[in-house]
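Student: The listed protein sequences derive, respectively, from chains A and B. Counting with the numbering used here, you get residues 1 to 646 for the letters of the first sequence. Counting with the numbering used here, you get residues 1 to 165 for the letters of the second sequence.
FYI, nobody ran anything at the bench for these hints, they're computed from the structure. Keep in mind it's a predicted model, so treat the numbers as computed, not measured. Mixed in with the good hints there might be a few duds.
[To be verified] As a list, the in silico BS3-like pairs of lysine-lysine whose alpha-carbon atoms are at most 25 Å apart:
| hint | chain 1 | residue 1 | chain 2 | residue 2 |
| --- | --- | --- | --- | --- |
| 1 | A | Lys611 | A | Lys573 |
| 2 | B | Lys112 | A | Lys209 |
| 3 | A | Lys150 | B | Lys41 |
| 4 | A | Lys221 | B | Lys112 |
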Amino acid sequence: MALDRKIAYIDLTTGEIETKPIPLEVRKKFLGGRGLDAYLLYNHTKKGCDPLSPDNVLMISGGILTATCASATARTHVMAKSPLTGLLGSANMGGFFAPELAWAGFHHLVIKGKAKKPVYIWIHNGEIEIRDAGNIWGKTVTETQWAIRKELDDEDVKCAVIGPAGENLVRFANIMTGIKNAAGRTGMGCVMGSKNLKAVAARGTMDIKIAHPVEALEYNKRFIDQITSAKVNQTQGTLGTPFIWGATNSWGGIRTRNFQYNQCENADDIEPERIDEICEETMGPYHMTGCFGCQVHCRAQYKIPSGPYAGEYDEGPEYTSQGAFGGEPDCKSAVTVLTGNHLVDQYGMDNLETGSIISWAMELYELGILTSKDTDGVDLRFGNDEALLEMVHRIAFRKGWLGDTLADGGVQASEKIGKDSFSYLIQVKGMSNLHSDERATPALALNIATGSRGSDHLRSRPAIDLYHLPEEVLRKIYSNPVPYDGPLSSEHTSYVGKPWMVFWQENCYMGVDCLGICKYHTTFLGATLPNFEDWTKVLLYNTGLELSPKEIWDVAERCYNIERLFNLREGLKRDDLKKGDTLNHRYFDEPCRRGAPDVIGAHIDREKFNKMIDEYYEHHGWDEKGVPTKKTLKRLGLDKEPSHLI
Amino acid sequence: MEKVLMIDYQKCTGCRLCELVCSVMHDGISNPARSRIKVMKWESEGLYIPMACQQCEDAPCMNVCPVKAISRDKDLGYVMVDYDVCIGCRSCVAICPFGAMNYNIIDKKVFKCDLCGGDPQCVRFCAEKAIDYVDAGELSVMKKRQAAQRLSDAGKEAAALQAAV
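One chain only, chain A, in its complex shape (with noise of 0.2 Å):
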C-alpha cells in the first residue's frame, strides 16, 4: 500500500538512522509530498537557524500518489530553510526519483546534521547506508549520477544530486536528477551542500498494492485522454515550454534586459519554433521525452549544434531557460540560449535565478554601478553572449569577486555591491522573478508577490486568467469545492475578484503537490483539467483513502499556513521589500513600454494592489498584518504547532 511507505530520519552528523511508519491521522492532515514536508519543516527547525548550518533540515519526498495508478506521479518535493531568501525552501521536480523511493519503500526523508566529509545515502528496499563520496566530490550533475550507478553495479538506480554549484554553496545551487530534471528554486542544492551530501541514490523493488486496482487503471486512463485531449497539452507536447515564452511574448509579457522592456524583439532565432527545429535536426522526428508515467512528454532532446559546446546532448531548454539566456540578457540566440541551459544543468545551478542576477548585474554595468573592474575584464553589456555564459561559469565556481559575489544571490550581493543596487533587483522575499512582466495582469502580479516560497508562478498563477473564459466558466471552476459567490472578471486588466483566484489556485497547486501530481495535469495551462473532485476518485482507488473535494481543500489550506507560519517565524513582513508580500517598485512606477494595446502603458496601481492584497488575507482569514487569527488557527488544526504528530 502508498499508506505503508516510511518516513526515515537520516543524521549526518551522528549517523543515526530512524525509519517510522506515518500515522494515518498525519496522512488525513497533510497527506504528503510539500504539505507534510511543511509540517516537518515547521516541527524540526528552530526559529532563526542559520540555513547553512547542521541545525537546517532537509526534507526530501514524494506524494502520497506516487508511484501509484494515478496519472503523472514523478515529482519529487524538498523542503528547507532557503540560504537564498532565509524563509521557506520549497522546490519540486520530475524525473523518476521519488517514485523509485517509494519502491524503495519511503516517501519521506528527513535529513539532519552535516557530515564530516562528502558521502551519499543509499537507499535500497527498506535499507538505508550513508556511503562515501570522496570520488564522486567535484563531478557534475549526469557524471554524479552515472559513476553511483557504476559503482553500485544497477542502471536502474536513481539519485538527486548536486553539482559543483551545490558543493561550492551557491544560494541558488539545484538538487537534481536525470539529465535536467531539478529541484531549481530557493537553493534546496546549496543546503545539501552545506551537509556534505552529494547525493541520494535509490533503488526499489518493494509492492505498492493498489487499493482497487481495476478502477485506478481505468481512471487513470480517463485522465490521460482528458489530459492529452487539452490542447495545451498536446502543444506542451510537441513544443516544451518554450511553447508558453513564445506566445506570451507575442503580447508583452515577457520581461527582457532586467525588466527595462516587456517584449523581446527580433527573437526569431529564441522562438519555440526555431528551439524545436533544432532539437528536430539533431535528435529525430521524436525528440519529446516525458516523466514518470506521464503522457504529456513536455520536455524536448537536444544535442547543442555549434560552439564550444557543439555535440552534447542535453533536455529542454524550459521557458525559464529561454528567458534566462535569451530574453531576459538580450542574447538572442539559440545556441546561447541551449550552451546556458547545459550548462547550469551540469552545474545543478537555477536557470531562473543565474539569468537574472546576470542580468541585473548587466543593468548596474550599463548604469555604472558595476564597473569592468569589479567584472574582472568581462564587458557585461546586455546583449553579449560570451559575457553571459563566462558569467554562469564564474557563478557556479564563485571566480572572482562578481562571480562570488552574485553567487550569494540578489540580496546579499546588493548589500555587498551597494549603491542604489537593491532598486534594480526584481525580485520577492529575496527571489528572483520568473521572466515574465505581470504589470498588464494584476492577478499573476499578486500571485508572485504572495507566493510561499518568493516570487514564483507555480504557487499560484492563476494563468488562465489570459484566456478570457466566459465569467461562468470562471465560477464554475473557481466556487469548487467551497462555494464562491464574490465578483469575478474575466479581463485579465482587472484587479476584481483575482485574490479569490489566486487564493483558489494557491490549494489547487498545493494539492497536487501534495500527491505528488505535475501541475500539467491541474488547472494550471488547462481550463478542462482535473483537480479536487477527481482527486477523491483517484485517491481512493489507489490509496483506499476517503477524502471528499473539501477536505483536500482542507488539506491545501492546512498545509499552506503552515508554510505562512513558517515564513512568519523566519521574519516575513507585509511591506519589506526584501521579506514581504510586495512588489519592486518598477511594477508601480514604470509603465511598460511594448506589447499589444492594451499592455502598453500598463504599471500596478499602488492602492488597487494593497487592496487586492487585504482582500487575498481576508480569504486566508489572515489579520492586515498578513498572519493567520487564532480562528483560522483553529479551524485548520493548526492552534497547537508546532504538535510534533511525527
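Since the structure of chain A is already known, use the hints to place chain B on it.
Tutor: Then chain B, alone, in the frame of chain A:
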C-alpha cells in the same frame, strides 16, 4: 487473425507507463519488477527501447522447458506458462534471447507477456503508439510503407538539392 506487439522504439518517450499498467493489470500492484515489459534506457543519449516477449514461433523457452510447462495459446497465439506444471527452474529465463522471460523474486515464479488476453494494456495506455497491437501479417507491410516513405523523402530532398545547385 493472430496479432502481435509491434514496438517502434523511436516513438518511446521513456515514461514507463507501460511498466506501471502492466504490473497493476496483472497483479493489482505497482512495481516495475513485476512488469512483463521493460523500457531499456541509455539516458545520456536520450535513447529508450521497450522490450517485451516476441511470442517466437520456434520459442526457445518452450523448447528448453524440461517439464513442458510452456505452450502456445490456441486463440491468441501467445506463449504461456502452466504454473501447475512449472517447477521454477528458470531455464526459460536463461535461454530467452530477448530477456523477455522474467523471474519474480517475491512470488518465486517466472512470468511473461500474455497480451492481457487480447487487450494489451501497454498498447492501450501508450498515447505515442510506441507499442501497437497489429495483425502479424501486417507487420512487414507497415515497415515497407515506412521505409518507402523514407526513400521518397530522401528522393525529394535530393531533387531539391539538385535544383538548388
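Student: Give a verdict on every hint.
Tutor: Taking the hints in turn, this is what the structure says about them:
{"no.": "1", "hint": "A:Lys611 <-> A:Lys573", "result": "17 Å, holds"}
{"no.": "2", "hint": "B:Lys112 <-> A:Lys209", "result": "20 Å, holds"}
{"no.": "3", "hint": "A:Lys150 <-> B:Lys41", "result": "15 Å, holds"}
{"no.": "4", "hint": "A:Lys221 <-> B:Lys112", "result": "23 Å, holds"}
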